[in-house]
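Engineer: Take a look at the letters that make up each chain.
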Amino acid sequence: MIAGLYIDGNSALHRAAAGLKVLALVLLGTGVFLIPDWPVLAVLLVTVFILYPASGFGPRILWAQIRPILWLLALFFAVQLWLNDWQAGLVVIFRLAAIVSFAGLVTLTTRTSDMLAALERAMKPLARFGVNPEKVSLAFSMVLRFIPVIAQIGHEIRDAQRARGLDKSVLALVVPLIIRTLKTADDVADAIDARSFDPD
Amino acid sequence: MITLENVTVEFDQRRVLDDISLSLSEKRIGIVGANGSGKSTFVRLLNGLQVASSGTVRVDDFDAAKDGRKLRRHVGFVFQNPDNQIVYPVVEEDIAFGLKALKLPKDEIDRRIDEVLARYGLSEFRNHPSHLLSGGQKQLLAISGVLVMAPRYVIFDEPTTLLDLRNRNRVERAIAELDQTVITVSHDLDLIAGYDRVLVFENGRIACDDVPAIAIPRYREMMA
Amino acid sequence: MNTKDIVYIALFAAVTAVFGLFPPITLPITGVPVTAQSLGPMLAGAILGARRGGLSILLFVVLVALGLPLLSGGRGGFGVFLGATGGFIVGWVISAFVIGLLIEKFWDSLHIFNAALSIAVGGIVVLYAIGNLWVSIVVDVSYWQATVGAAPFLIGDVIKVAIATAACLAVRRAYPLISRAR
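Protein chains in written order, with the working numbering: chain Y, 1 to 200; chain S, 1 to 224; chain F, 1 to 182.
Chain Y with its partners taken away, still in its complex shape (with noise of 0.2 Å):
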């Protein structure tokens, strides 16, 4: 299975619902754009990065988080700087890394399972507009489970390639890769449905 970019702690963060930490995250998004002043933006954003020793991390993790977006933080302070002020510039990359910190520390608490259960869970009232939330976990828990074994064929078309001298050609290696998968896959429905799979 892939791992998910968690770390295990026992942290107050660590311990919270899932669902509770995707619902603070979405408020926290739409919260930003709410507030125009860079000051209290400030202040948000030194309360995120302080969660971050507060659930166990230390601020190489936290730097993990910010490096990717920091040319991007960068840039949007230029733009700004050149179309409006230094202010308005503040509260563009204030908000967006607070976003992305707070996402990251969302990320970084939360098994991939327990996301996914809630997910499971969130979609239950869906069921009535033909939903069928058995078959959506069925579908999540197969791509985790056939990553390993897709890329697997994929390693063997292209071993298989490089002794024919095409393994420089992408199409030699796709449409193989595409027909594999398709047989797997049918070899998989059969399986599935004779173990008599049949939420309906």
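Hints are computed from structural coordinates only; laboratory data are not their basis.
This one's a predicted model, so the numbers in the text were calculated from it and none came from an experiment.
Do not take every clue at face value.
Said to hold, decoys possible - Just some of the chain F residues that point at chain Y, by a computed CB distance under 7 Å:
| hint | residue |
| --- | --- |
| 1 | Thr3 |
| 2 | Ala13 |
| 3 | Ala166 |
| 4 | Ala170 |
| 5 | Tyr175 |
Said to hold, decoys possible - 27 Å max Cα-Cα, derived DSSO-like pairs, lysine-lysine:
| hint | chain 1 | residue 1 | chain 2 | residue 2 |
| --- | --- | --- | --- | --- |
| 6 | S | Lys100 | Y | Lys135 |
| 7 | S | Lys70 | S | Lys103 |
| 8 | S | Lys106 | Y | Lys135 |
| 9 | S | Lys70 | S | Lys106 |
| 10 | S | Lys70 | S | Lys27 |
| 11 | Y | Lys183 | F | Lys105 |
| 12 | Y | Lys124 | F | Lys4 |
| 13 | S | Lys103 | Y | Lys135 |
| 14 | S | Lys70 | F | Lys4 |
| 15 | S | Lys27 | Y | Lys124 |
| 16 | Y | Lys135 | Y | Lys183 |
| 17 | F | Lys4 | Y | Lys135 |
| 18 | S | Lys27 | S | Lys66 |
| 19 | S | Lys100 | S | Lys70 |
| 20 | Y | Lys168 | F | Lys4 |
| 21 | Y | Lys135 | S | Lys70 |
| 22 | S | Lys66 | Y | Lys124 |
| 23 | S | Lys100 | F | Lys4 |
| 24 | S | Lys106 | Y | Lys124 |
| 25 | S | Lys66 | S | Lys100 |
| 26 | S | Lys103 | S | Lys66 |
| 27 | Y | Lys135 | Y | Lys124 |
| 28 | S | Lys103 | F | Lys4 |
| 29 | Y | Lys168 | Y | Lys183 |
| 30 | Y | Lys135 | S | Lys66 |
| 31 | F | Lys105 | F | Lys4 |
| 32 | S | Lys66 | F | Lys105 |
Note that beta-carbon positions come from the ideal geometry of N, C-alpha and C, so glycine has one too.
With chain Y fixed as given, assemble chains S and F onto it according to the hints.
Structural biologist: Relative to the frame of chain Y, chains S and F by itself:
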């Protein structure tokens, strides 16, 4: 008791099975035949994966045409490639998959999972990612997923083809120990040599239906 | 939606994830990195059709949002949707759907030109329209500026349209799924 009466299966006007009538009551039944001889279609009829174009297929009290869902629970099916029938990323989740459909209480599900894992020496892998198991362990997991459903019949479609010798022996032993009626499709003639009855398929018909001591040499002759 | 549809949807989401494992190729002169991953939405739409293709990529995108590092370079989590490329990732879902819709329309007389057109409209026109809008909002620049900024990535996507077109036609001969669905 499995009974087929005048069963014909056609795909796009091509006759894959041609007017098969027979009844099977032995505990161990082997099926052999060349690729495309109809043997896979035959076993797929027995658990409702394939519907007959005409004729009737009955397994005990179930009519394949009417009781498809019940038939699937009555007749388990283990495929050639375990990678294609393990659908959950964690071992215990995969075994629980079929059980959830049976709407069993949680402690009963747990009990059955414990039991089947212990039986195949997989207990320590209960929370293990399923793709990290060896080929033989994967096939045993696939068998476990079918057995927890407590079927009366188990069909194996070339269960050892993709395995090395050691794992082949393990799976062979696991099949031999089953209380259920077993129907095995195999190119591995050693696997079915000790069975009660062997059906040899050729061009959609049964060319030979006898004990292994007669049917297997006959099959070898046909393929020579 | 039968079992087979669910399996196709899940396995194409897995294929899209596997495409993310290939290291990106850096284009000469411009230095723009091209990943194989955006082939996923193109192929999902072109091979599975609108409904299954769109759902397949939606499934992939939700798994990314849930914190799985399935995007090329091992990225994942909510954060990626807030970055500049977030719109392109969400846009993949609509892109796959549109490609599927067009391919279904042309299915009975599909050839290289209308297949390429379908994939280019969904995979470039629609995708960039959404992606650039996202960039213009997040970065607070005009839509036109965002479009100019995205232009260097076009080269890679044109190559991918060509690959997806050829693959779609080859797979159609061996495994015609869309006609089977109708």
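Engineer: Each hint needs a verdict: does it hold in this structure or not?
Structural biologist: Here is how each hint holds up against the structure:
Below 7 Å, beta-carbon pairs count as interface contacts, and Thr3(F) has one with chain Y at about 5 Å; its hint therefore holds. Taking 7 Å as the C-beta cut-off, the interface hint given for Ala13(F) holds, the closest approach to chain Y being about 5 Å. Given hint, Ala166(F) at the interface with chain Y, holds; its Cβ is 5 Å from that chain's nearest Cβ, closer than 7 Å. Because the closest C-beta pair between Ala170(F) and chain Y is about 5 Å apart, less than 7 Å, the hint holds.
Hint on Tyr175(F) holds. Least Cβ distance to chain Y is approximately 5 Å, under the 7 Å limit. The straight-line distance between the Cα atoms of Lys100(S) and Lys135(Y) is roughly 12 Å, inside the 27 Å bound, and the hint therefore holds. Under the criterion of a C-alpha separation no larger than 27 Å, the hint pairing Lys70(S) with Lys103(S) is consistent with the structure, at around 14 Å. As the CA atoms of Lys106(S) and Lys135(Y) are separated by approximately 20 Å, the hinted pair is consistent with the 27 Å bound.
For the hint linking Lys70(S) to Lys106(S), the alpha-carbon distance of about 22 Å falls within 27 Å, and the restraint holds. At roughly 21 Å between alpha-carbon atoms, Lys70(S) and Lys27(S) fall within 27 Å of each other, so this suggested pair holds. A distance of roughly 25 Å separates the Cα atoms of Lys183(Y) and Lys105(F); the hinted pair therefore holds under the 27 Å criterion. Only pairs whose Cα atoms come within 27 Å are accepted, and Lys124(Y) paired with Lys4(F) is accepted, the gap being roughly 23 Å.
Note on Lys103(S) and Lys135(Y): the hinted pairing holds, with a Cα-Cα distance of about 15 Å set against a maximum of 27 Å. With a C-alpha separation of about 20 Å, the suggested pair Lys70(S) and Lys4(F) falls inside the 27 Å cut-off, and the hint holds. With a C-alpha separation of about 45 Å, the suggested pair Lys27(S) and Lys124(Y) falls outside the 27 Å cut-off, and the hint is violated. Annotation: proposed proximity of Lys135(Y) to Lys183(Y) holds, straight-line Cα distance about 21 Å (limit 27 Å).
The hinted pair formed by Lys4(F) and Lys135(Y) meets the criterion: a straight-line CA distance of about 11 Å does not exceed 27 Å. Taking the CA atoms of Lys27(S) and Lys66(S), the gap is near 25 Å; set against the 27 Å cutoff, the hint holds. Under the criterion of a C-alpha separation no larger than 27 Å, the hint pairing Lys100(S) with Lys70(S) is consistent with the structure, at around 15 Å. The straight-line distance between the Cα atoms of Lys168(Y) and Lys4(F) is roughly 33 Å, outside the 27 Å bound, and the hint therefore fails.
Distance check on the hinted pair: Lys135(Y) and Lys70(S) sit about 20 Å apart at the alpha-carbon level, within 27 Å; holds. Simply put, Lys66(S) and Lys124(Y) have alpha-carbon atoms about 32 Å apart, too far for the 27 Å limit, and the pair is violated. Using a Cα cut-off of 27 Å, the hinted pair Lys100(S) and Lys4(F) holds, with the two alpha carbons roughly 19 Å apart. Restraint check: the Cα-Cα separation between Lys106(S) and Lys124(Y) comes to about 20 Å, which is no more than 27 Å; the hinted pair holds.
About 23 Å separates the Cα atoms of Lys66(S) and Lys100(S), which keeps this hinted pair within 27 Å; it holds. Restraint check for Lys103(S) and Lys66(S): satisfied, since their Cα atoms lie roughly 22 Å apart, inside the 27 Å limit. The hinted pair formed by Lys135(Y) and Lys124(Y) meets the criterion: a straight-line CA distance of about 12 Å does not exceed 27 Å. Distance check on the hinted pair: Lys103(S) and Lys4(F) sit about 23 Å apart at the alpha-carbon level, within 27 Å; holds.
Distance hint between Lys168(Y) and Lys183(Y) is fulfilled; the C-alpha atoms sit about 25 Å from each other, no more than 27 Å. With a C-alpha separation of about 24 Å, the suggested pair Lys135(Y) and Lys66(S) falls inside the 27 Å cut-off, and the hint holds. Between Lys105(F) and Lys4(F) the alpha-carbon distance is near 22 Å, which keeps this suggested pair within the 27 Å criterion. Distance restraint check for Lys66(S) and Lys105(F): the Cα-Cα separation of roughly 37 Å exceeds the 27 Å cut-off, and the hinted pair is therefore not satisfied.
Going down the numbered hints, you'll see the structure goes against 15, 20, 22 and 32, while the others check out.
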